Each structure stands twice: as C-alpha cells, then as structure tokens.
Amino acid sequence: MDPCSLSHADLALHTSGGRGRRPSRLAQRVWSTGPVLVLFLPPAALLFTVLVVLPILQAGRYSFFDWSGYGLPTRFVGWRNFELIWRYPAFRQALFNNLLIIIVSLGIQLPMALGLASLVAGRIRGALTFRMIFFLPYILADVAAGLIWRFMFDGDYGLAAAIAHALGLPAPYVLADPDWAMVAILVVIVWKYFGFHMMLFIAGLQGIDEALLDAAAIDGASRLQRFRHITLPLLVPTIRLSVFFSVIGSLQLFDMIMPLTKGGPADSTQTLVTFLYTFGIMRMRVGFGSAVGVVLFAICVIFAFSYKRLAFRDA
Amino acid sequence: MRRINVTPMDVRLGRRPLLVAAALAALGRRALITPAHAAETMVRWLHLEVNPQILKIWNDAAAEFHAQHADTDVKLQFLENEAFKAKLPTLLQSPDAPSMFYSWGGGVMRAQIETGALRPVQMDDAWKARLNPAALSAFTHDGKVWGASHQMALMDIYYNKVLFKKAGVVAEQIRSWDDLLAAVRTLKAAGVTPIAVGGGDKWPIMHWWAYLVVRVGGRQALDDAKAGKNGGFNGAAFVEAGRLLKQLADLKPFQQGYLGATFPDMLGAFGDGRGAMILSFAGTYARQAHAAADGKGIAHDDLGLFAFPGVAGGKGQPTDTMGGINAWLVSRNAPPQTDAFLNLLTSLKYQTATAASGIYLPSVPAANSAITDTLLQQPAAELAKSTYHQNYFDQDLGPDVGRVLNDQTTALAAGTISPEGLAKQVEDAWTLAR
Numbered sequence: 000m001d002p003c004s005l006s007h008a009d010l011a012l013h014t015s016g017g018r019g020r021r022p023s024r025l026a027q028r029v030w031s032t033g034p035v036l037v038l039f040l041p042p043a044a045l046l047f048t049v050l051v052v053l054p055i056l057q058a059g060r061y062s063f064f065d066w067s068g069y070g071l072p073t074r075f076v077g078w079r080n081f082e083l084i085w086r087y088p089a090f091r092q093a094l095f096n097n098l099l100i101i102i103v104s105l106g107i108q109l110p111m112a113l114g115l116a117s118l119v120a121g122r123i124r125g126a127l128t129f130r131m132i133f134f135l136p137y138i139l140a141d142v143a144a145g146l147i148w149r150f151m152f153d154g155d156y157g158l159a160a161a162i163a164h165a166l167g168l169p170a171p172y173v174l175a176d177p178d179w180a181m182v183a184i185l186v187v188i189v190w191k192y193f194g195f196h197m198m199l200f201i202a203g204l205q206g207i208d209e210a211l212l213d214a215a216a217i218d219g220a221s222r223l224q225r226f227r228h229i230t231l232p233l234l235v236p237t238i239r240l241s242v243f244f245s246v247i248g249s250l251q252l253f254d255m256i257m258p259l260t261k262g263g264p265a266d267s268t269q270t271l272v273t274f275l276y277t278f279g280i281m282r283m284r285v286g287f288g289s290a291v292g293v294v295l296f297a298i299c300v301i302f303a304f305s306y307k308r309l310a311f312r313d314a
Numbered sequence: 000m001r002r003i004n005v006t007p008m009d010v011r012l013g014r015r016p017l018l019v020a021a022a023l024a025a026l027g028r029r030a031l032i033t034p035a036h037a038a039e040t041m042v043r044w045l046h047l048e049v050n051p052q053i054l055k056i057w058n059d060a061a062a063e064f065h066a067q068h069a070d071t072d073v074k075l076q077f078l079e080n081e082a083f084k085a086k087l088p089t090l091l092q093s094p095d096a097p098s099m100f101y102s103w104g105g106g107v108m109r110a111q112i113e114t115g116a117l118r119p120v121q122m123d124d125a126w127k128a129r130l131n132p133a134a135l136s137a138f139t140h141d142g143k144v145w146g147a148s149h150q151m152a153l154m155d156i157y158y159n160k161v162l163f164k165k166a167g168v169v170a171e172q173i174r175s176w177d178d179l180l181a182a183v184r185t186l187k188a189a190g191v192t193p194i195a196v197g198g199g200d201k202w203p204i205m206h207w208w209a210y211l212v213v214r215v216g217g218r219q220a221l222d223d224a225k226a227g228k229n230g231g232f233n234g235a236a237f238v239e240a241g242r243l244l245k246q247l248a249d250l251k252p253f254q255q256g257y258l259g260a261t262f263p264d265m266l267g268a269f270g271d272g273r274g275a276m277i278l279s280f281a282g283t284y285a286r287q288a289h290a291a292a293d294g295k296g297i298a299h300d301d302l303g304l305f306a307f308p309g310v311a312g313g314k315g316q317p318t319d320t321m322g323g324i325n326a327w328l329v330s331r332n333a334p335p336q337t338d339a340f341l342n343l344l345t346s347l348k349y350q351t352a353t354a355a356s357g358i359y360l361p362s363v364p365a366a367n368s369a370i371t372d373t374l375l376q377q378p379a380a381e382l383a384k385s386t387y388h389q390n391y392f393d394q395d396l397g398p399d400v401g402r403v404l405n406d407q408t409t410a411l412a413a414g415t416i417s418p419e420g421l422a423k424q425v426e427d428a429w430t431l432a433r
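Those protein sequences? They're chains A and B, same order as listed.
Each residue of the first sequence is one higher than the one before, counting from 0 in numbering that gives the first Met the number 0.
Each residue of the second sequence is one higher than the one before, counting from 0 in numbering that gives the first Met the number 0.
With the rest of the complex left out, here is chain A (with noise of 0.2 Å):
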C-alpha cells in the first residue's frame, strides 16, 4: 500500500542495465538473486497469500452470502448485503465521519503540526523537551488513549467535570451527548496524532539546505517570504505523505473508538470499521460484514492508487 516503496522498485527495475550488455547482465543477476529467489520468496509469499490474499477472495465470496459465520455460506443473496449498507443511517454516518477526521486532520492537525515543527525543529534551547513531550501521545496504543480519554471527559469524576464544577458550571456529559461526542473524538484524534505529524516535518525541514534560506536572508528576503517561498515548496513531498498517513488513518479508525464510545451514542461516532464490527461481527452476520469490508478495501485501494498517481506522479 504504500506509494513510496512501490516507485522506488519501479524505479530500481527500470534503471537496471544498458541496452548493449543486457544478456550477461540479466544472466549475471538471475545467477546472484536466483537461490535468493528460490529461498527466500516461498515463505514471503505463502504467507502473504494465505494471510493476506486468501481472506480478501473470502471475504469478497462471503459477501454475496447471507452467513452467521455457522456451517458454510449456503443462502446466496447475490447484491442485497451491498444494497443493506446504503440503507442504513449509520453506514452514511460513519462515511461522513471519515470524511470530518481526514478535513479536521487536514485543516488543523496538519498546520498544527507544521507550525509546531518549525518551532522545535531548529536548535533552541529546550527543543528536544518539547520535540519528545508532543510526541509522547502518539507512543501510547490506541486504546489505552481512549480509555485515558474517556475518563478526562467523565460527567462525574473526570478532568471535565472538575474544571466545571471549579467554574462553577454544571458538568459537561460530551461523550452521552450525539452532537458533542464526535467533536471529543476529534479532539483525542489531533492530541494523538499530530506529534507524529511533527515528527515528520522535523524530519522534512531538516533536510531543507540552511544555504537556501540564507541566501534569501541575504537576498532580503523576510521571514514569512522564506517560509512561504523556500521551506514550503521544498517541504511538499512531507505534505503528501502526511496526507497519505492522515487519509489512511482515518480510514483504519477503531480502537480509540471502542473505549471511548462505541461508536454511539446514536451511531453518531461510528467510523467504516466500527460500523463493520458492530454492525457485521457483533451480530453475527458475517456475509454483511465481509461486504462492508469489501467497501472498504474498494475505497483504500482506489484512495491509494489515484492517490500515487495525482501526489506521487513526480516522486
């Protein structure tokens, strides 16, 4: 899936070889990677095919069958399962919800952490300090950050309710409320997410030639027009691949939901796959769950390679 490894074979593939001395050439290397070949890529691609191929074709076959996930797939409902999923409200939900994390991720948690990177990224005194403190919530697991989480935005004895209760306010229950919960999530998803995000850029600005941004110091050039001019455009590959992982993210979304809310309350919280787990294996309905799934792996895969071909093209 991702983009970068797949053009940098290509790459490799393509550039191998002058035209005049390709026999030897290609003898010589089948030579050099076959025992390789022969050894090393039956277990790399029985297990990719077991684990990863077969389950896809199942799942692809299990989703025209009405199955509990007993006994085999007998009762064959060709298209239905597809055409339940648009039916029900909280399917459109959770699609809408994905679509509000990647703009919420683009529109504050990618800027966020582009400006934070530009902060800590040069040598001030204490940027390692804060480097490691924005980064630290992206370490925990997923969940653990839910359940920290779900006990700050606590009606009654949580970081909320204490702050209300010390201004006096009554206690805020956002988690129980369909139109607060999923502002809460989005809050927990940017406080986790964005120090990777930073990271990144760190990484990006750092390997952006001091030279250049001298030299239009020099030039007099002011602060802005060298962000704006230099560091910007220089850091565009980093952009895409913040984007990609922000997209992807988005789209694999679950276990911060589950300790948090569930996906409720009112379906209000659901994602792709919380819909697909509560709505397909929870109830038992493994034909409608294997559709949802192919549903989703149809927009990952299409996400992915028009993705690499619009932002990559280049790279």
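You may find that some hints are simply not true.
The following residues of chain A were derived to be distant from chain B, with all beta-carbon distances above 10 Å [to be verified]:
1) 109
2) 111
3) 174
4) 182
5) 218
6) 222
7) 308
8) 309
Keeping only pairs whose Cα atoms sit at most 20 Å apart, straight-line, the calculated EDC-like set for lysine to aspartate or glutamate is [unchecked claim]:
9) B:314 <-> A:254
10) A:261 <-> B:81
11) B:295 <-> A:155
12) A:261 <-> B:79
13) B:251 <-> A:254
14) B:251 <-> A:65
15) B:84 <-> A:254
Read the hints as simulated data drawn from the structure, not as lab findings.
This structure is a prediction, so every number in the text was calculated from the model and none was measured.
Here a beta-carbon is modelled for each residue, glycine too, at the ideal position from N, C-alpha and C.
Dock chain B against chain A, hints included.
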C-alpha cells in the same frame, strides 16, 4: 552484489540447527501426546468465568469426576467474554472444538443447532426432574435437550432505601406501572435522580422495554411475534410497551450522561446514590459495591428489591419473571463422558455449593435452601414460584435482531424514535433475518 552471494551460505549454515529443533519439537509432541491419547479421554470445557469461588467449585467437580473415572480428564479452558463470542463459531468448526461450552441459549444456540455444531445432551428423567422447568425448556429445541442448565438470573428493580426514605417513597406500594411513574415524580420533586441506566451498553434500557412486553402481552407475545402472528413485532403489545417506556422517559428519570454510561457506570451511579433504582439481577449488592466510587456503595441493609410492576389490563401475570438462563452445550464430537460429567456438575451437591456462594441462582430449585443472603433469597423465591420465566430478549432473538432491539429501545428512551417506529425496526430486522 557480494552480500547477495553470501546470503545463501548463511542460510544453509543457519538451517541445520533449525532442522534439529524441528525434529526435536516433533519428537517432543509425540512423546507428550501419545500416552495421553492411549490412556485418557479429554473433556474440554470452555468457560468465561473469572470468579475464584465459582472456579473452585468447578475444579472440585472436575477432580471428583477424574477420581471416579480415572481414564477421563476434565480440562477447563478460559476465554474472555467478547473473545469467547468472537472465536466460538470458528472454534466449533475446528478439530479443537471444546466438548462443552457456555451458552445463553436463544438465537445463537438455534444457529449452532441448525448447522450441526451440537449434539443433544443424554439426559435421564431424574436429571430432568431436578432442574427448574424454565431452565429445561429454554434449552429444549425440537423435543431434544441441547444444554445442561447450571445457573439462572432474575431481573428485579433494586432500590436505595435511604433515597426512597428521603423522598417519602414506599417501595412496597409500587405494584403497577402507574405507581412507578408516580414514585419517579416524587423522587424527582425531592431532588433525587430516580433511575440509573447504562445507555452506552444499551441492553440495560432494552430490559425495561422487554419486561413491559412480558407484562402487557404475557407469555405468548414473543412467541406469537416470532411466528409472525398479530402483526409480528408491530403487534399491540410491543407498541404499547414502547408507549409505556416513553411515558417513563418523558419524565427524564435517568442519571446525567446516561447515553454514554456502560453497565458498570450504571452500577457505579446507583452505588454512589446518583440514582435511586436500577433494573438489575441477583448479585447486584456485590457489583454495585465494586463499582461505587468509595468501593463500598450502598450498605447491605439499605439495599432493597421489588418485582417489576404490573401493567393495568396486561395479559402477563405479576409472577411472570424475566432473566437469563445459562447452560453448558455439548459439541458434535464431544466424548460420551461429557454427559456424565455434566450430570455430576449440575447435581444437587454442586448446585448447593453454587447457591451458597451467593453469586448465581442455582438451576436446581432444591439447592435454594443453601442461600443465606437475604438479597438472594427473595429472587430465588420469586423464581421458584415463577409462572413463566422469559429469557433475555436480546439472547432469545439472537445477536442480530437482539442488537437492533438494543439500539432502538435506547433511541426510544432518548426520544429519537416513536414506539411504532421501534416496533417496525424490530419487525423489519426479524423478517430480514428469516
């Protein structure tokens, strides 16, 4: 390039220890397994119990059985609740299927029976006569007994005597639904939150509706709906139950943030005094104490319970009850010794030990005399004279329709769906699942 040429050598060198290890492992497996196969039968027992008291009783039973049948070993295997539900379908269809495993009965059991994953329990008349009739019938399907019931649960309304006294509500006077609504109004007027529920887990709200269905429609309501009679789940009893629950919800009786609260949150709210009543099962005293903020919750003497109120003009008897019934189901290829062990496990001796632990109600009524806790004696007595015991609706209807029911009853309490809309959603889900 050089690196690549070298690699196969490394692998060739590294492979020898691997082969030796594999050979040793194969030998080891054989050495361990062969005698066990030759000498003994293994009854594999898959459960999800974590309470050490109960586990001790079970281990004692396994040890006694092994003492009686030296060639048979009973082995307990544990899976956590959610993992159990997720893995069981795969496990039952594999050669590693457990001989006997935990069940809530209802729709999941029917699916297991229909696909041939189970075999009936070889139950003689003495064994059948020992069991609570409701516990026996809940696991009877097509005239055969598929499960050996070992414990039961009963839902009652538990209340905080201190809060009731503060508001001037007398629990003994709550006989009908209207009495309950009046009590809710009185409690609210006294500044007490009347009811705690767990809207995040949803099923705690569903049980309120389900009990109302049992009271309004009587024992036939659910069976008729499942058979598609009287308009199925669109029938009058189901809509009326929704209307009654809406009457309650309109009074705003639930604790703050109830839509996000889990079952433990609900118990915690009750234990902390942030809710005067809960609809819960036997064992509530220990559970609320554990969930309360101070770890103690409501004192034993301050906790009371009463039967779910009746409904004026309803077909159900006040003595009809609702609650869970659990049994051990036997998988298709289980050894015949499994049945003999189940007979021992559900014998009066071990049922008495279960009853004495004060955690579950026994499925053998004769064991009730061992219950010493007053808070358990009352539900045990209700269960003993129960005119009809209804299994939890979400278990009875199966995981699919059951969860639709949980979703929609919670939506009704939250005011986002009408009683008719709730009934229609359940009927649609039921029709679709057929």
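Now the hints, each set against the structure:
1. Interface exclusion of residue 109 (chain A) from chain B stands, the closest Cβ pair being 30 Å apart, more than 10 Å.
2. Here residue 111 (chain A) stays apart from chain B, with its beta-carbon at least about 27 Å from theirs, past the 10 Å limit.
3. Residue placement check: residue 174 (chain A) does not keep its beta carbon more than 10 Å from all beta carbons of chain B (closest about 4 Å).
4. Consistency note on residue 182 (chain A): stated as away from chain B, and its beta-carbon is indeed over 10 Å from all of that chain's, at 14 Å minimum.
5. Annotated as non-interface, residue 218 (chain A) keeps its C-beta farther than 10 Å from every C-beta of chain B; the closest such distance is 47 Å.
6. Non-interface status of residue 222 (chain A) relative to chain B is upheld: no Cβ of that chain comes within 10 Å, the nearest being about 46 Å off.
7. Look at residue 308 (chain A): its CB is around 33 Å from the nearest CB on chain B, clear of 10 Å, so calling it non-interface holds up.
8. Look at residue 309 (chain A): its CB is around 36 Å from the nearest CB on chain B, clear of 10 Å, so calling it non-interface holds up.
9. Taken as a hint, the residue 314 (chain B) and residue 254 (chain A) pair is broken in the structure, with Cα atoms around 46 Å apart against an allowance of 20 Å.
10. With a CA separation close to 14 Å, the supplied pair residue 261 (chain A) and residue 81 (chain B) stays within the 20 Å bound.
11. Distance restraint check for residue 295 (chain B) and residue 155 (chain A): the Cα-Cα separation of roughly 17 Å lies within the 20 Å cut-off, and the hinted pair is therefore satisfied.
12. The hinted pair formed by residue 261 (chain A) and residue 79 (chain B) meets the criterion: a straight-line CA distance of about 18 Å does not exceed 20 Å.
13. The straight-line distance between the Cα atoms of residue 251 (chain B) and residue 254 (chain A) is roughly 33 Å, outside the 20 Å bound, and the hint therefore fails.
14. Proximity of residue 251 (chain B) to residue 65 (chain A) is assessed by CA-CA distance (about 40 Å); at most 20 Å being required, the pair is judged violated.
15. Proposed proximity of residue 84 (chain B) and residue 254 (chain A) is supported: the alpha carbons are some 18 Å apart, at most 20 Å.
Of the numbered hints given earlier, the model fails hints 3, 9, 13, 14; all others are met.
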